[in-house]
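*Asks:* The chain contents come next:
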Amino acid sequence: MSARRRWLALEPAGLPVLAVLLAFALCAAAILALGRSPLAAAGALLDGGLGGLEPLGESALKATALTWTGLAVALPFAAGLFNIGAQGQFLVGALAAAWAGRVLDLPAPLELPLVLGFAFALGALWALIAAELKTRRGVHEVISTILLNWIAIHLIDSWLVTGPLHASGSQGFSHSGTEVVRASAHLPLLAGAGSRLNAGLPLAAAGALAVWWLLRRTPFGLELRAIGSSEPTARAVGIPVGRRISQVMAVAGGLAALGGAMMILGGGTDFRYPENYRDPYGFDGIAIALIGAGNPFGVAAAAALFGTLRAGAVRLQDPEIGLHRSWPEIAQGVAVVLVAGQLLLRGLWRWPLRFARKPAAAGAPEASP
Amino acid sequence: MTHSAALGAIAVSILAYAPPVALAALGGVLSERAGVINIGLEGMMRFGALFGAWCSLAAGSGPAAPWCGLLAGAAAGAAGGALLGFLAVWARADQIVAGVAINLLALGLVTFLLEWGMGASGGISDPVAMLPSIPLGPLGRLPAVATGAMLVLPAAASLFLRRTPAGLRWRAVGENPRAVAAAGVSVRGLRFAAAVASGALAGLGGALLPLALLGRFEDRMPAGQGFIALAAVVFGKWTPLGALGAAAFFAGAEGLQIELSSGGSLAALVPKGFFLALPYVLTLLVLAGLVGKAVPPAADGVPYDPEGR
Amino acid sequence: MTAEAPALPSPDGPILEVLGLGKSFGELRACDGISFSLRRGEVLALVGENGAGKTTLLNLVMGLYRPDAGEVRVRGQAVHLACPADAEALGLGMVHQHFTLVGPLTVAENVVLGREPQRLGLLDRARAEREVEAVSRRHGLPIRPAARLDELSVAGRQRVEILKVLWRGAELLAFDEPTAALSPAEADALCRAIRQLRDAGKAILFVSHKLREVQAVADRIAVLRAGRLVAAFEAKGADPAQVAAAMVGDVGPPADRPAPERPAVQPPRAAPPTSAAPILSLADVHCLDARGAPALRGVTLSILPGEVVGVAGVDGNGQRELAELCTGLRRPASGTVTLAGKPAPHLDPATARALGVAHVPEDRDRGGLCGALTLAENLALGRAWRPPFRKGHLLARLDRAGLADRAGDLLRRFDVRPPDPEARASSLSGGNQQKVVLARELDGAPRLVVAVHPTRGLDLHASRAVRERLREQAGLGAGLLIVSFDLDELREIADRLVVLCGGRITGEARPADVDDATLSRWMAGASEAAA
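Residue numbers (our numbering), protein chains in the order written: chain A, 643 to 1011; chain B, 13 to 321; chain C, 2 to 532.
Hints in this document: simulated from the structure, not taken from any laboratory.
Computed from a prediction, not measured in an experiment: that's the story for all the values here.
Please note that the accuracy of each hint is not assured.
Claimed, not checked - DMTMM-like cross-link-like pairs, simulated, lysine to aspartate or glutamate; straight-line CA separation at most 25 Å:
{"id": "1", "chain 1": "B", "residue 1": "Lys249", "chain 2": "C", "residue 2": "Asp489"}
{"id": "2", "chain 1": "C", "residue 1": "Lys237", "chain 2": "C", "residue 2": "Asp489"}
{"id": "3", "chain 1": "B", "residue 1": "Lys284", "chain 2": "A", "residue 2": "Glu962"}
{"id": "4", "chain 1": "B", "residue 1": "Lys284", "chain 2": "C", "residue 2": "Glu132"}
{"id": "5", "chain 1": "B", "residue 1": "Lys284", "chain 2": "A", "residue 2": "Glu917"}
The whole structure should be built from the sequences, with the hints applied where relevant.
*Replies:* Pasting the structure below:
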């Protein structure tokens, strides 16, 4: 293959990278305009995210959650489905883990897998509601999953957590919520007591691998991708489209729920479900999935990147740096907007080709044979 | 509370709380009728709310202040709409992805702007000068401008679509853009205008939240109302008056929830969470039942490819 | 826009002159040095195969493309057409093949779109309807201005498409394959309307590949091949064989394309055995279409193994639903469907495949292929859970080596170009895509092949290849159900012709026993029983 064709073949991976770099560049320009130093900001972010075992633990916590929710959006995407419900599924999983981790009292090798499995199952069921509405009633999953997010938030915040699952008595915390989970349900720590780095990270990496394998190496994955490419064709060749939609949404719901469960069981919220828990990992998962171009490894990479940046963001508020901690979110949002504007990125990616040896006529329409 | 008083409270609830959703839903209808799905209503409402409050504060406390805010809110929403229009029409992005992207961008940007501009995180603590309202005794106050906009704009939009040449082209471009192109009208221009208009309406609706209803900006504004507006578009079968009816229905459900939970035996039995979730559940049920008869514009969400067949 | 206004209208001079027109797309020279002229009151037909450059030429004249070389003159003045609006302003009107109409709008609204009459800023609907009515009456194109467009038939919609250009004052009308979707009777009506327009002084440019029609309506015939104008004939005395020869070229065809004969002469096929049990049997089947309207009203049909049944009829008379019924995409509302001797009331596509039904759908993109997947993956669709594509017992995995092998084999056997299993399906040409669909469907010795418009959009060579493959299956004992517009094609391969109209079978005969006129009558609804 010529260098030119190789460059073009790399495009699907190159575009998101370009988007992220461009987003960073734009943010750097904005920071400069505010009279601050982008380099110092970058340094603070990296230090706050990677400079030591403790920051690494924080980054890992966030990256883990983002990986799971990113996968939860990317997997159905292959079948042409938009799972905007990752937020609700995330919260459902978190609450399920918070409850089961308290109620179940088993030795550690049994407790953790069962709690995680329970969370997965509940997340799957929650997502299944949207899937059934789509396959039986034709309700577009974008609207139904958005609505289900809010139903979940209200039922959890204004009923379950303040009602039946509320922690009784004082626990010595300033915020209230559910009871703390048992120690046997904690995710094992990987770097000692000084850091929150836990088994969630390798589990999330394994999850990304599993999703990739599912999509690319199994008949199930082939059928999903067929549905995503052309649903009428998939139907015509005998693929049970409705059943696959339900199945993939259920798995996706479970994945997002695992993200929520690992946040709780990794100590991200002091090992209980707090009142009015609003961390937008589910929504961020959408961004991660888009930035990762729907590819499980891309999702893992994007999750690692933005998880680290978010963890480091708290350092941006240091007086020497003087920036608001939401800059990584802004960068993320800009990157997503750029990813959405694919055509622009594509134009940028192909721009160097103009200087190559033999430029072909740009945009030649397919000749009709 | 007596039944009639409760009904009255619900009616006022509708008139007061429906306008933000109604206007955003109208924006959604207009853009989808031209073939552009706008999932970014929530983000555009958010921009509208922030800039509306901000400008009103900046303009002081005189009677003109809230009007400045209203204009600024509409402009901010329109900017979001322009971004959507650009992505959808020129960059030929997937419209749903573009809308989601705008929502994500709005989340981060608004938080940042809030801190940078206001020096406070979470909400503008200063109360914002509000638009004129009409006192209604025990039923509270009626935000006149909001209610007025809600009653007038959808009717105007309906007239526009059905009776004007521009409205004809608007409808045509959502069904078969090729027909419009063959007639020598710019598909891109029309769709871009539709996206901007829908953003402006969403921004207007968002600005009404601090300026006509709450008197201040809250960090989570519009707290999901942009998504309710999306549901109202489908509910209302992609017509301006239908969307208005749907928004009124949702506001009524919300009002019902407040009534039921604010006293009486029902509140003790049923947790607040159920009431809060009720409007969303109702929407789901109705969507599940209505589908099959609701037909979106034929070219809705399909990027126009001039070289395509 | 730089169109110059015509100085003095020259009623004697040609209204349109094209001189040395050329257009390239990348390396493809779609039009090369084309020159002709057209006068008022004259019908010029442009004929040629798919890919000969007819549509490109039309688009150049109508301002949709800009030429790389040559000149276009309107009423004696050279013009530069930058966009369709320029052409329209000069009185050139295009009647598109794929209608540019808007369903929910009325006829009048469709006609005036873009130049709406206004009153006080509002749409003047009454005036629009009056004007449309006047134009329609003047040119013999009956229509109701207030009717909703999606209530009209295909022929009706075409009339609206014609009215659009007439209302805008077109003096030259260009038609692009106008009879593609019409029944013979409707096509005749259109030809009459075109003759009437010609007699009223309009100039008509008519693009087609159907020689018979062209001869019926044209004054002159111009033949395009490979982007060049290779011959011109006066329509009256023209010899169809000569015209056809000019279209396909009898001088040095490309090595891999044997010169095809038209009409094709095939060796007679052995009559299929009548003693075997039918592979497909429909008994008084009724079913509804996608909108819930009745599509099939009591169809009784059987197909024997080795028999080829051709279904003719105007699009929209139940053919699609018939094919969907046989392949499990649609359930009958009443009546029985029997496949391979077993009653099959709850057929779905997967079960149909398991029973040996192969489906070559009418739309490759929506039923045949998944564009984003590779050829190997497309060839595995519908059978990925079985070897040779699957391995492993508990955990089903894709057997990638098996996939690649089978794909390579099939691509070679069916002459798909390029035979690259990893190529994206969307990167192939239409003809090759159809071959991939065939390869998948015919692999595995099906017992019943249901093919809908199998050669639509394919050139002569590819069409031939497809027909041969289908015939091959009949030779192997499969029953075939072929739906097609192309009567010639059906005559060529079918043992029996069946005509559907309004969801009923209005006629059935062997190809040799029935002429086109009778078929036309059946297609229009005069049933054999009633005749």
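*Asks:* Let me make sure I understand: some of the numbered hints might not hold for this structure. Which ones are they, in numerical order?
*Replies:* 1, 3, 4
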